[in-house]
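Quick mapping for you: the protein sequence lines, in order, are chains X and G. Going by our numbering, the first sequence opens with residue 1, and the numbers climb by one from there. Going by our numbering, the second sequence opens with residue 1, and the numbers climb by one from there.
Hints listed in this document are in silico derivations from the structure and should not be mistaken for laboratory results. Among the clues, some could well be false.
Only pairs whose alpha carbons sit at most 30 angstroms apart, straight line, appear in this in silico DSS-like list of lysine-lysine [what the hints assert, rightly or not]:
no., chain 1, residue 1, chain 2, residue 2
1, G, K312, X, K260
2, X, K86, G, K312
3, X, K298, X, K225
4, X, K356, X, K432
5, G, K120, G, K181
6, X, K225, G, K181
7, G, K343, X, K527
8, G, K312, X, K81
9, X, K527, G, K346
10, X, K260, X, K331
11, X, K527, G, K282
12, X, K289, G, K312
13, X, K367, X, K356
14, G, K181, X, K527
15, G, K312, X, K98
Spelled out, the chains give:
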Amino acid sequence: MSDTRTRPPEPPEDIADAEAERLSSAPAESDGPTGIGVLGWFRWMWRQLTSMRVALILLFMLSLAAIPGSLIPQTSQNAFKVDTWKGTHKALTPIYEKLQLFDVYSSVWFSAIYILLFVSLAGCIIPRTWQFVGVLRAKPPAAPRNLTRMPVYAAWQSDADAEAVNRAAYQRLKKRGFRAHLGNSAVAAEKGYLREVGNLLFHFSLFALLAGFAWASLASGQGGKLVIVGQGYSNTMTQLDDFSGSAFYTSNDLDTFGFKLDGFTATYQTSGDQMGTAREYAAHIRYWKGADDTKLTKGDIQVNHPLEIGGSKVFLIGHGYAPVVTVKNAKGETVYTGPTAFLPQDGNLTSTGVIKVNDYGDKDGKKTQLGFQGYFLPTAPVNFDQTGPISLFPAAAEPMLVLTAWAGDLGTDSGLPQNVYQLNTTHLTQLKQDGDIARARLKPGQGWTLPNGYGTVSFDGYQEWASFTVSHRPGNAVALTGAVCAILGLIGSLFVQRRRIWVRATTTPDGRTLVEVAGLARSESAKIAEELADLAVDLQDDAPATEGEPAASDEAPASDEPSGPTSPADPNSKE
Amino acid sequence: MQLASGVDLQLADLSNKLIYSAMAVYLIAMFAHMFEWTFGSKGAVAVRSAEQATLAATVAAANEPAKAAKQVTVTVASANGGTTTLTRTALADAGATVVTSGRGEAEEVDGPGAAGSSEKGDLAGRIAVSLTVLGAVLHVAAVVTRGLSVMRWPWGNMYEFSCAFGFTMVAAYLGLLVAKKKVRWLGLPVMVAVLLILGLAVSVLYTDSEQLVPALHSYWLAIHVSTAIICGGAFYAAFVATLLYLAKDRFDQRMAAGLTSGPLGTSASIWQRLPAAGTLDKLSYRINAMVFPLWTFTIIAGAIWAEAAWGKYWEWDPKETWSFITWVAYAAYLHARATAGWKGRKAAYLALLAFACWLFNFYGVNIFVTGKHSYAGVG
Ligand code: HEM
Numbered sequence: 001m002s003d004t005r006t007r008p009p010e011p012p013e014d015i016a017d018a019e020a021e022r023l024s025s026a027p028a029e030s031d032g033p034t035g036i037g038v039l040g041w042f043r044w045m046w047r048q049l050t051s052m053r054v055a056l057i058l059l060f061m062l063s064l065a066a067i068p069g070s071l072i073p074q075t076s077q078n079a080f081k082v083d084t085w086k087g088t089h090k091a092l093t094p095i096y097e098k099l100q101l102f103d104v105y106s107s108v109w110f111s112a113i114y115i116l117l118f119v120s121l122a123g124c125i126i127p128r129t130w131q132f133v134g135v136l137r138a139k140p141p142a143a144p145r146n147l148t149r150m151p152v153y154a155a156w157q158s159d160a161d162a163e164a165v166n167r168a169a170y171q172r173l174k175k176r177g178f179r180a181h182l183g184n185s186a187v188a189a190e191k192g193y194l195r196e197v198g199n200l201l202f203h204f205s206l207f208a209l210l211a212g213f214a215w216a217s218l219a220s221g222q223g224g225k226l227v228i229v230g231q232g233y234s235n236t237m238t239q240l241d242d243f244s245g246s247a248f249y250t251s252n253d254l255d256t257f258g259f260k261l262d263g264f265t266a267t268y269q270t271s272g273d274q275m276g277t278a279r280e281y282a283a284h285i286r287y288w289k290g291a292d293d294t295k296l297t298k299g300d301i302q303v304n305h306p307l308e309i310g311g312s313k314v315f316l317i318g319h320g321y322a323p324v325v326t327v328k329n330a331k332g333e334t335v336y337t338g339p340t341a342f343l344p345q346d347g348n349l350t351s352t353g354v355i356k357v358n359d360y361g362d363k364d365g366k367k368t369q370l371g372f373q374g375y376f377l378p379t380a381p382v383n384f385d386q387t388g389p390i391s392l393f394p395a396a397a398e399p400m401l402v403l404t405a406w407a408g409d410l411g412t413d414s415g416l417p418q419n420v421y422q423l424n425t426t427h428l429t430q431l432k433q434d435g436d437i438a439r440a441r442l443k444p445g446q447g448w449t450l451p452n453g454y455g456t457v458s459f460d461g462y463q464e465w466a467s468f469t470v471s472h473r474p475g476n477a478v479a480l481t482g483a484v485c486a487i488l489g490l491i492g493s494l495f496v497q498r499r500r501i502w503v504r505a506t507t508t509p510d511g512r513t514l515v516e517v518a519g520l521a522r523s524e525s526a527k528i529a530e531e532l533a534d535l536a537v538d539l540q541d542d543a544p545a546t547e548g549e550p551a552a553s554d555e556a557p558a559s560d561e562p563s564g565p566t567s568p569a570d571p572n573s574k575e
Numbered sequence: 001m002q003l004a005s006g007v008d009l010q011l012a013d014l015s016n017k018l019i020y021s022a023m024a025v026y027l028i029a030m031f032a033h034m035f036e037w038t039f040g041s042k043g044a045v046a047v048r049s050a051e052q053a054t055l056a057a058t059v060a061a062a063n064e065p066a067k068a069a070k071q072v073t074v075t076v077a078s079a080n081g082g083t084t085t086l087t088r089t090a091l092a093d094a095g096a097t098v099v100t101s102g103r104g105e106a107e108e109v110d111g112p113g114a115a116g117s118s119e120k121g122d123l124a125g126r127i128a129v130s131l132t133v134l135g136a137v138l139h140v141a142a143v144v145t146r147g148l149s150v151m152r153w154p155w156g157n158m159y160e161f162s163c164a165f166g167f168t169m170v171a172a173y174l175g176l177l178v179a180k181k182k183v184r185w186l187g188l189p190v191m192v193a194v195l196l197i198l199g200l201a202v203s204v205l206y207t208d209s210e211q212l213v214p215a216l217h218s219y220w221l222a223i224h225v226s227t228a229i230i231c232g233g234a235f236y237a238a239f240v241a242t243l244l245y246l247a248k249d250r251f252d253q254r255m256a257a258g259l260t261s262g263p264l265g266t267s268a269s270i271w272q273r274l275p276a277a278g279t280l281d282k283l284s285y286r287i288n289a290m291v292f293p294l295w296t297f298t299i300i301a302g303a304i305w306a307e308a309a310w311g312k313y314w315e316w317d318p319k320e321t322w323s324f325i326t327w328v329a330y331a332a333y334l335h336a337r338a339t340a341g342w343k344g345r346k347a348a349y350l351a352l353l354a355f356a357c358w359l360f361n362f363y364g365v366n367i368f369v370t371g372k373h374s375y376a377g378v379g
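With these hints in hand, go ahead and build the complete structure from the sequences.
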């Protein structure tokens, strides 16, 4: 790539002409090795990598490479779906795993493409920037010898003094916002540098975007938490249901805050073919920042409206029901009471869950444990013998709790972490009544006397719960700034026209003045002709055209024509 | 429990009727355009562009007070060697002319349009445009009543989105006509496209007018989706221009090779009435270049919305992924235009590919791939 600063002071004219016709700092395409040996080849490869052609190919490959990730389930989005897929495609799974097709966007090959692209971009953009700085510091390129070769051209004869015409043209071009330079016998002017600025800004912003991404993936973390209405949460590792951190944001770095969930509002479509579709969710909370949990601020969290608390954002992700159950042992002592979150299974919030009663003495006072497996139906049908327990509507219009009971050892004392939504039935026996599985269908307020004197269960009512994602993600501002700059740069790059205009007034051998104006712009812009015509009209004041054909031909105004006297300087010249 | 605000069923029903009416009117407009093309093939094709005709008129008018005015004529050489002339008139005391120099090579001329020199064809074309205006009025009324029936922006699902972006395409075409651009030849492909879009919408994608799921309760819906709709209509228009460019270019090649018919055995007169290949190429580039920043904005707005709704601005959800693929494909196209050796047909193929990505993003992803953008309301 040529560098204007180091250009020899007097370049050969055809090179200068070629320079004049270049309207972009895009690298020129080149072929073949430069120099010999390893260094030569390295140079050649580097030149290839930073060429526009390779940039084009890499862009194309990037979009191709992004496709499989949209068609094959991805671990990062839905690990469960990946497992299901693996289950049904036993033969393909090992091949896919080798090819990292379940983690396309972090795979070696996908990374390789975009890293190459960004290396190419750096290799392209840095020299271009220098070159452009050089362009800004240098004069607009001098007029090519043969102006008639330019795409837009006009010429006329005048009696005005050539020098004065050139000076006037210089002034007029400056007034029109051109960067102009008055040379020996011609004016060179250029406008629309913002195009190149925009183009460079756009490509640099891509780096900012990438940096934002990188920062986010290195220093962010997020956790999930389910909170039942009436309960509170403080942002610590022990309270989170799950947490995934990153190199610079571990479970020790969690922002300190907390909140209490005071209530939850949900509305649903009640008619039509989208009946039951949620229309609005809102969690009403009071939160605190730092260690002081007495200074509470009210807030609402809705889908689309996360709440920012002390460096983290809290998003509303889901909601469901938590039946409130009281279990009494045979002696009538309450051994368990409170809401237990059940997980929704379908759009109508048919929910399943388990209730584990750890400290339960049987009727003889012997230590045993109880487990209940149940369904919560917010709107239960009158009869569900055929369908199994399913809810008809997501709101709690006809709530019902369906329970079966197990007794024995829950396995909770083993110290191993347990899934709170599943019963480990290996050391449990299901309670039976009259040879059948003992089952209860309870409406709020109803109770169930367990068989074999195991005590009673009462369904006191239900609470709602909401689940939240607590997310700490820095780097968003960087990425956003990058994105905004990218758009601004694009607008400049695509809508500003960079163009050059040259005016050359020369004294012809017959003593008159030949005024030539010529313009150059990229082929996509049509405005250059009008701009040049306007300038030519303006110049009529300084260099009124006289009758007769101008001597312009495919040759430069020739000095081999007979010479004549030069007109006197124009007294009206606007110097 | 609270009830969601309701749906005005009468308005929703009216909206459906309006869509069907608009389709009927567009269909008649399409036939009128077909008549225009058929009649136009009868008359001789005057190979003189309207632009040049107006230019001639300008020159003539400028010549009238020639003694009092000065004319400046600037010759513009286009990339493929053709030239056009621009004339400016400056008032001054003495008359003078400025002579220009051109390259004197074969001119590239825009065809006269579908009607050719046939008056009947022209009449059919005018009728078609009037019908298109009527169809567009019904169409926009359908979109507005749909919105009013639920008191929200009418692009909450694929059906509504299709109706809206079909309208932006027709509106863009009518807008060009109002701006006195000679684009009536676009009428037939635009009618075919809008009928396809609406046909798919009412048959496959239809959903009743309803309120939105909470994930769509956001002013980003208005911003992100409306810009996506505008991009969709414009990409579609650029696609039509690209196709025509390729066909016209092939036609020019056939002419140069001494053949007398157009590609696929079509009549030469069809192609002669279209604008020049260079004009079509430039048109498709201009539209694509105009839309690209808006498409970039659409994706960024989507990312901001995703951040608010799901907590991460980019998760490679299929819809995001295909928007990205589409974006990169259009970026590749713009690069190609700036790279020597990739201009013309090669770049045009890239534009077609990019549009295919866009189409798949809209129809394919919503119908075949499941992701978080499951607002489609289909299947
Ligand atoms: C990260 C991937 C890239 C994207 C998304 C991208 C996108 C774009 C876009 C949309 C344009 C059109 C703007 C215009 O026409 O002025 C453009 C122009 C340009 N790009 Fe890139 N680009 C990328 C990488 C590169 C690389 C690696 C190079 C260098 C090898 C490069 C060099 C150029 C040049 C020189 C132009 C301007 C051509 C002209 O003068 O019009 N770009 N780029």
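Between the alpha carbons of K120 of chain G and K181 of chain G, is the straight-line distance 30 angstroms or under? Distance ~21 angstroms between K120 of chain G and K181 of chain G Cα, so the pair holds.
Against the 30 angstroms threshold, does the CA-CA distance of K86 of chain X and K312 of chain G hold or violate the hint? holds (27 angstroms)
Quickly compare the C-alpha distance for K312 of chain G and K260 of chain X to 30 angstroms and report which way the hint goes. holds (24 angstroms)
Measure nothing beyond the straight line between the CA atoms of K527 of chain X and K282 of chain G; if it is 30 angstroms or shorter, mark the hint as holding. With Cα atoms ~14 angstroms apart, K527 of chain X and K282 of chain G stay inside 30 angstroms; holds.
Holds or violated: K298 of chain X to K225 of chain X, with C-alpha atoms at most 30 angstroms apart: Roughly 19 angstroms separates the two Cα atoms, so the pair holds.
Pairwise hint evaluation, K432 of chain X against K356 of chain X, where the allowed Cα distance is 30 angstroms at most: holds (18 angstroms)
Hinted pair, alpha-carbon criterion (30 angstroms max): K527 of chain X, K346 of chain G. Please report holds or violated. holds (26 angstroms)
Could you grab the alpha-carbon distance between K312 of chain G and K98 of chain X and see if it respects the 30 angstroms cut-off? holds (28 angstroms)
Is K225 of chain X close enough to K181 of chain G, meaning Cα to Cα at most 30 angstroms? violated (60 angstroms)
Taking 30 angstroms as the top limit, are the C-alpha atoms of K181 of chain G and K527 of chain X close enough? Given that 30 angstroms is the threshold and the Cα spacing comes to 16 angstroms, the pair holds.
Holds or violated: K260 of chain X to K331 of chain X, with C-alpha atoms at most 30 angstroms apart: Distance of about 35 angstroms is beyond 30 angstroms: violated.
Check whether the Cα positions of K312 of chain G and K81 of chain X lie no farther apart than 30 angstroms. holds (20 angstroms)
Comparing the model with each numbered hint stated earlier shows that hints 6, 10 do not hold.
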